[in-house]
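Visitor: For reference, the chains in residue letters:
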Amino acid sequence: MADPTDKARDEFLSEAQEIVETLSRNLLDLDTSVRAGSADPGLVNEAFRAVHTLKGLAGLFGAGRLGHLSHRLEDLLDDLRLGRMTLAPEVLDVLFSAVDAYARLLAMAREGSDEPVPAVEELLARLDTLAQHAPGKASPSSDYDLDPGLLAVLTEYEEHRLRANLEQKLGLYRLRVEFDLATIDKALEDLKERAKRHGEIITYLPAGEATSPDAIELDLLMASRDDLATLIGSLGADNVVIEELPRRRSVAGSIAPRGTTGRIPQQQGGESAAPVRAGEASLDQGPSLRSLTQTVRVDIRKLDNLMNVVGELAIVRGMLARLAERLRAEGERRTAADLLRLHRSFDRRLAEMQAGILEVRMVPLGQVFERLARVVRQIGREMGKDIRLVITGAETEIDKLIVEELSDPLMHMIRNAIDHGIEAAARRLEVGKPIAGTIALNAYQKGNHVMIEVEDDGRGIDGDAVVEKAVRLGKLSAEDASELGREEILALVFLPGLSTRGTVDDVSGRGVGMDIVKTNIGRLGGIIDVQSEPGIGTKMTITLPITLAIVSALMVDVAGHTFAIPLSTVSEALSLDAGGTRLLDGREVITLRGTTLPLCRLERVLKLTRPPGQPAAHRNYVVVVSLGNRRLGLVLDHLVGQQDIVIKPLGRSLSTVRGFAGATELGDQRVGLVIDAAAIVDEVLAQSEHREAPVHG
Amino acid sequence: MADLVKAAPERLARRGQSRGPVREFLTFTLGADVFGVELARIKEILIPPPVTAVPRAPTDVLGVCSVRGLLVTVVDLKARLRLADRTRSRRARILLAISPNGEAVGLVVDEVRQVVRLTEDDMELASAGLGGEVSEFVLGIGRPQGEFIVLLDLGSVVTG
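Residue numbers (this note's numbering), protein chains in the order written: chain W, 1303 to 1999; chain R, 166 to 325.
Calculated from the structure, these hints are not laboratory results.
All the given hints hold, so there is nothing to weed out.
Partial selection, computed: residues in chain R whose CB lies under 10 Å from chain W:
| no. | residue |
| --- | --- |
| 1 | 215 |
| 2 | 219 |
| 3 | 221 |
| 4 | 223 |
| 5 | 229 |
| 6 | 231 |
| 7 | 233 |
| 8 | 235 |
| 9 | 238 |
| 10 | 240 |
| 11 | 266 |
| 12 | 269 |
Once the Cα atoms are required to be at most 30 Å apart in a straight line, the calculated DSBU-like pairs of lysine-lysine come out as:
| no. | chain 1 | residue 1 | chain 2 | residue 2 |
| --- | --- | --- | --- | --- |
| 13 | R | 208 | W | 1604 |
| 14 | W | 1909 | R | 243 |
| 15 | W | 1604 | W | 1702 |
A virtual CB, placed ideally from N, CA and C, is assigned to each residue, including glycine.
With these hints in hand, go ahead and build the complete structure from the sequences.
Guide: In structure tokens, the structure reads:
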């Protein structure tokens, strides 16, 4: 295994990455809440904690620049959460650019590089400017009538919140709640969530009067605009007692812990008290040694290894079945029956194990959507366009490896949508659309596939402009162009070099186009389609397999060789009678439901040698593979059936071989090659210029 | 053999007497000639499993096979060394090695013989001036007890 320090460093980096992602999520929520009128103090506080934790982590791992940045951000967030500074959009901009700066620094830490990063320097300079404009630190005021005993146990932040709430003339309440120690984390969260509707929980402290050793009682100090009856009606329960605290009296007697000086009384023992205020504990008393989550981070390669073991067990399973068959044939009926029973039970467990490993690999698409939400905000602001992002299906799960590879293509599609799709505000008003452009990001599962749609309500794709450009770039002759239908015209945007704008701009130019997006999606076994209505909008739909680990494939025979064709690329299979084909421009084609389908004989294109005694079949089959809008019929001898396969990449010495996506075990000690339909389609359809003489089967 | 090494036997015989560290080589035959590779680099000796030909592969690659879940690229060693004799032996074995770039490579040999222990005196290394006309795959010549073993550099053989 890896060097332990490497491993710790990897752990650090992935943990830091997770925190940065959480921070990014917080900031987006914060952005929404600021737009809605007021910054949610809880979110500011969460952002503060995230940065604080990052600072601690960076310190532990000697990541100086990360620590420095975190330190400065922490100061800014501290000012924000304590009300010393207001959360203006410019401040949010700075915070958002911090997320990018973190990403940059983490990437560099991963590569072990310590080159200067101009973006980080710039950010630090902006933080300086903000700090100078911040008002001087407000002195902790004591102009309200609360017992100093209580004030002593409040953190500065809690004190600020208490004051802010009292200034708004809210009432103070004490909730005494008994929690079960086993479920306290969740129960407390639930209660906080429900309390949010009525006000804010300012602090909570153990009361130490629990009725059983498995329970703990907490006093919650809450500020609320509602009266006691409403609160009791909404939050009251057997384990919750709510009292109103008189404003002009000392509240210390009723709310402060029994212990006279300590913040957290130790009656329960450190162990049981610790999780109660875990968040604060790590903030104020240094990092806790106990991990607070039930999750582990796993390198996905370890899961791949497990999947390989499952693959091997599947082979053992096949051998068991054959052994049972042989025993039965030899008359050992009872043993054979026992063995078959064992085999079935083994089969079931193996399927469960496979499903279990797959489940672990699955992550919600929300992970990548959040990153995109940040991009939308950023590009929208850069281009002066008001963009509303609507996300549905963020909980849809897909293989971790796919998620990682998805963010770039999706980001590019969204940039395109904002830049080329959404019109300028003036134009939108003119055509009667709302000023804010809408980009919808929808994900949903459909059978063994995940569909992701990127939809905008912009100007739509100008078909004429696309055709004109394709002709100008020599991708298309003028005559051919006149015969294209709308669908075929739209498919042209996936050709290299086609971008309907003339200029290379900062947002979506840079020479990277939809062709790259399409190639990247294709590499994941996915396809992309486009629909667009002029004036109404454009919708790009990506279809992806749920996992890369196990692929459903169609097993076929060609000239005595067995191949697997991933079902994600197969649209249908049909039988083909000898002589059922015709020639079009020197290429063998058939007519399928009114459209012309070009054919490719695998035996010829792969130059397979037919084993002696295996004459060519009279009747062939055609497997139609489709990639986006391109379709090709692969001609082969037999369809063997459908099988779930684990694809293994071919070795380096075969890396130059085109047409195969890898190999898979067939179960009888043999290996079958997996057809890379995309490569074959590219190769065959690109050969149109030098067509080969057709051969009739 | 002449394809690979054109070394004068008398020059090989003139080596000094001092004894150095011992290296172990696994010897095998290809046609009539004896070859050796460093034993430590060989993971396994396999009875050839069914090999699936890979269309469009380089001519010296016979195909792929699976060894307990590991996908192995099977290389026809005679073809890779550009030997004229391409017959397949009934006692053929596959020597499994992992290439420097992590690829599992199986080398098909005619017959596995034995392990020989060679001191530096028993070897004449190509780098020590065996002469210019040596294939890039040859590490040197081993001469234990008057035998003549072509020692192959496994790293370059499996990388191809």
